[in-house]
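**Student:** What follows is the residue order along each chain.
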Amino acid sequence: MNAQDRQNGSMIAVHGLVKTIGAQEILRGVDLDVGRGETLAIIGRSGGGKSVLLKHLIGLMRPDAGEIWIEGQNIIDMSERNLASIRQKVGILFQGSALFDSMTVAENIAFPLREAGERDAKVLRKRVSEMLEVMELQGQEEKMPVNLSGGMKKRVGLARSIIRQPSCILYDEPTSGLDPVVSDSINRLIRRLQQRLGVTSIVVTHDMKNAFHVADRIAYLHEGKIYFQGAPEELRQSPDHILQDFLLGRSDEQLTPKAFGVQS
Amino acid sequence: MFVRFFNALGGPLIRFVQYLGEVVFLAADTFRSLFTHRLRWKLFFNQIVEIGLLSQLVVVITGGFTGAVFTAQTYFQFHKIGMGSAVGAVVSVAILRELGPVLTALMVTGRVGAAMSAEIGTMKVTEQIDALRALAVYPTDYLVVPRALAMMVSMPLLVAECIAVGIAVGYFVAIFLLEVNGTYYMANMVRWTRSRDIIMGLSKAFCFGILIVFISCHKGLTAREGAVGVGRATTEAVVNASLAVLISNFFLTMLLNIIYPAGYQ
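Chains L and S, in that order, give the protein sequences. Letter 69 of the first sequence, counting from 1, is numbered 69 in the working numbering, and no numbers are missing. So the mapping is simple: the working numbering equals the position in the second sequence, first residue as 1, plus 1000.
If we strip away everything but chain L, and leave its shape as in the complex, we get:
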């Protein structure tokens, strides 16, 4: 497996991933391959296990069965401390941004560098202001996360996860809860990072516009398995009714008068 993954150049390879939380089987054998420099969007219903899958990819959650290979290393049996080397290569943007609320914006962004041993205040300031410029957040250094809007938080979170220049970025619902204009600016930001840094990206989303805008390839997670993967065009033209229902936002529940408790 190891040699094979190296040969075909995949950055991340997932095989037969199974995860049960409580009584609920969230992932039932997920197989996924992400090539170097590629952007993959994982779409699916809310609560369908997309975020759970993403958290497995940097070892924040441990699967019940299956393998996860990152740059040819199986991370399943790695200890929490050894995972640090993987986590330096893979950054993640959390759904709620997960900024440290006791620190200012600048401290949040500088945190990974400081933890890596960078002590020179001048260097830190320079790197932070570079990041803020990329994120179009100039002048916000001293603000606390509580005083930021949702879109700004996402951008600060993104700055924090890319300041150490990872080779792969995972986005957990980057546009959820944002208005269309801010969503669009986040989409453009993701695109720009791809082009500028050449990073591999995985975007988990249920926002179809977001998926079509950023992805080279789209995977549809359905009932704990990858139901479909392919180019955005293939997805759009697929005759499969499950995919079409999702794309068009059709619920398969029939709204009969009975459902509202009305006697017919």
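Note that these hints are calculated values from the structure, not bench results. Bear in mind that the values here come from a model prediction, so they are computed numbers and not experimental data. Each hint can be trusted.
In silico lysine-lysine, DSBU-like type, Cα no more than 30 Å apart, as pairs:
1) 1042/S <-> 122/L
2) 153/L <-> 1042/S
3) 143/L <-> 1042/S
Taking beta-carbon pairs under 7 Å as the criterion, some of the chain L residues facing chain S (in silico):
4) 58
5) 60
6) 81
7) 84
8) 87
9) 88
10) 92
11) 94
12) 96
13) 98
14) 100
15) 112
16) 115
Ideal placement from N, C-alpha and C gives every residue a C-beta, glycine not left out.
Chain S: place on chain L using the hints.
**Tutor:** Frame of chain L; chain S shown alone:
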């Protein structure tokens, strides 16, 4: 019927043993990290301020009023049999061996333990701990080690302060309010108080500090489900740490009394 009885007993018992195991593993992990990984000095000093400096008022008031009331109560009894000047000895030994460490530990649990579990719990439910991990920072190193070390340094000092204030206030109450002869009071106190009483009080302080910090941090790290979860974790941390202090106090007393026996010998 017996099977049902043991079944009913078994679940909670297993959960309890598991809980103890988790706290012990957290402690072991922390001590391992303390000796093998670099200390974050800034966080350590922040915690010293949080635990040590900001607890001053609480500790002084606790020590002062405990010393005052204990002196008065002892005097009311001893005075009847003409032993008013022996009050100093009783007060100093009791505060050193029991009241100082236990009351300070309970106050620190309420003030510091609650804050620790609430803060770490909030970080947990808002994914900030996952963010730490994702940024290649080991949460024990970052969150628990500075708190544990600061607690181990601060607790003995806080207890020493509480004891000193308690004894001093007791002296003033005895001499100025109850009109005990000061010279005899001091002489009896110095005669009956040994350095081993001081060692016992400070040893207890150290142990209580360890109990409080690991129980509180563990509750924070395992908090679940939003604001309600954090509230529950905080309550449980305070209750568990207080109970742990009171229960372990008995066993510590028995154990330490073998090493540092009480009384004048």
